[in-house]
Structure formats: structure tokens, C-alpha cells
Amino acid sequence: DAKTTQPPSMDCAEGRAANLPCNHSTISGNEYVYWYRQIHSQGPQYIIHGLKNNETNEMASLIITEDRKSSTLILPHATLRDTAVYYCIVRAVYNFNKFYFGSGTKLNVKP
Amino acid sequence: EAGVAQSPRYKIIEKRQSVAFWCNPISGHATLYWYQQILGQGPKLLIQFQNNGVVDDSQLPKDRFSAERLKGVDSTLKIQPAKLEDSAVYLCASSLELAGTQYFGPGTRLLVL
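So the sequence lines, in the order shown, correspond to chains A and C.
Note that this note's numbering gives residue 3 to position 3 of the first sequence, counting from 1, and the numbers run on in steps of one.
Remember, this note's numbering sits 1000 above the position in the second sequence when you count from 1.
FYI, nobody ran anything at the bench for these hints, they're computed from the structure.
By construction, the Cβ of each residue, glycine as well, lies at the ideal position given by its N, Cα and C atoms.
Treat the hints loosely; a few may be bogus.
Stated by the list, open to error - With a Cα cut of at most 25 Å, we get these calculated BS3-like pairs of lysine-lysine:
no.: 1; chain 1: C; residue 1: Lys1011; chain 2: C; residue 2: Lys1078
no.: 2; chain 1: C; residue 1: Lys1044; chain 2: C; residue 2: Lys1011
no.: 3; chain 1: C; residue 1: Lys1083; chain 2: C; residue 2: Lys1044
no.: 4; chain 1: A; residue 1: Lys98; chain 2: C; residue 2: Lys1044
no.: 5; chain 1: C; residue 1: Lys1044; chain 2: A; residue 2: Lys106
no.: 6; chain 1: A; residue 1: Lys3; chain 2: C; residue 2: Lys1044
Stated by the list, open to error - Derived CB-CB ranges, DEER-like:
no.: 7; chain 1: A; residue 1: Gln42; chain 2: C; residue 2: Glu1068; range: 17 to 27 Å
no.: 8; chain 1: A; residue 1: Ile39; chain 2: C; residue 2: Leu1084; range: 22 to 32 Å
no.: 9; chain 1: C; residue 1: Glu1085; chain 2: A; residue 2: Gln42; range: 18 to 28 Å
no.: 10; chain 1: C; residue 1: Leu1111; chain 2: A; residue 2: Ile39; range: 14 to 24 Å
no.: 11; chain 1: C; residue 1: Leu1070; chain 2: A; residue 2: Thr79; range: 36 to 46 Å
no.: 12; chain 1: C; residue 1: Leu1111; chain 2: A; residue 2: Lys110; range: 26 to 36 Å
Work the whole structure out from these sequences, hints included.
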């Protein structure tokens, strides 16, 4: 059911920016892109979401391409505590708010 | 603001036994979700409530799983009888409204022996 494609794992050096890509080539006009992360043994944590425009909050930035077929989550200064599985999710506005989680990207932040 | 609460955090049972999980959503959140997360996979939605009514339970194995949210606040998820393949983390989430951002609890880790 998942409609997104993410690399299974990525490495990032502590203090550097982490750029996590997501492909959602079949996204439709009324579907949002959400990002969550899951630190080991915890529930998923909301990070950010967007529809068309780029978004930024205190945790991250979300860059959505003009054709909306892909997006990138940017953690500007990764720390060891950012090591987690990151999920990119496409949510239809009118589909009962269903979230389809794929397998996500395991981000390993290394000292 | 208190987050989504779940209990117990861990449960070990033998196959064919029954088990129940409890969830208390964020105050004022009308929509409540139960997910199952098998090791190495992303969460999968089991059932979704809007207040005390079921919105979607298409992925709930109804022969053994049941859930209720009688007063539109707390919810319980029950498995009876449990199978080995039910070993997973059961996550509860809530959102302010049907189209709102979902916030997750810490989950209940179930091991069926």
C-alpha cells in the first residue's frame, strides 16, 4: 500500500546536514507529504508535512520538487540523537487520513 | 500537553491466550488509531475511530481482534485468541480531527510464545 520509495539506510557525520530523499512519483494533487521518525523502541514522532511549498520548522526543512514527485527532508545539523528510522508518507486528504508507512530510511549519525 | 498514553508497555503471553491493550489519546483529540508494527516493518493501520464510531477497520483481523472506544476518549484493543504471528508492537495514535496530524504513543510490545 505504501506509495513512497526511500533508500533503506544512510550515514551522516555529526554536525553535518542530513538530506533524506523520498520518491512519490504517483502523488496526486490533494495528497500531503508527511515525515515521521522512529527512534529505537519509541513510537513514531511527527517531524513536518507539506503540500506544495517548502516548509521549515524547528526540527527540519522539507523541500518538495515543483512536479511534487519527490521530496527531501533536511536535518540541518545532525546529532547522534537523530539516529532513527525516517518515514516519508503520502496522505490523501479525503482518504480517512490514512497513513501508509513503508520501510523507511535508517539514518545513522556517526561521531 | 500530555502525549498519548499506552499500557502496558510490555506483555508476554502464550498462544491461544487473550490480551488487552489500553490507550488514552491527547485531550480533545477526536480521532484515534491503532497500528500494528512487526519487527523490521513500518506500522500498519488496524482500526480508526472518529469519536466513538469506527471510520475504518478494513485491516483488522476481526476473527480474533476487537477494539472499542465507548465514550469517545479511551480505547482498548483486544486479541483473543493470540497467535504467534501477533507478536509485534501495538501503537496508538490520535489526531485533533479526521484530517489532522497524528501523534503516536510509545507502544505496547507483545510477545506471543
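Taking the hints in turn, this is what the structure says about them:
| no. | hint | verdict |
| --- | --- | --- |
| 1 | C/Lys1011 x C/Lys1078 | 13 Å, holds |
| 2 | C/Lys1044 x C/Lys1011 | 20 Å, holds |
| 3 | C/Lys1083 x C/Lys1044 | 18 Å, holds |
| 4 | A/Lys98 x C/Lys1044 | 10 Å, holds |
| 5 | C/Lys1044 x A/Lys106 | 18 Å, holds |
| 6 | A/Lys3 x C/Lys1044 | 14 Å, holds |
| 7 | A/Gln42 x C/Glu1068: 17 to 27 Å | 26 Å, holds |
| 8 | A/Ile39 x C/Leu1084: 22 to 32 Å | 27 Å, holds |
| 9 | C/Glu1085 x A/Gln42: 18 to 28 Å | 23 Å, holds |
| 10 | C/Leu1111 x A/Ile39: 14 to 24 Å | 21 Å, holds |
| 11 | C/Leu1070 x A/Thr79: 36 to 46 Å | 43 Å, holds |
| 12 | C/Leu1111 x A/Lys110: 26 to 36 Å | 32 Å, holds |
Every hint from the earlier list agrees with this structure, and none is contradicted.
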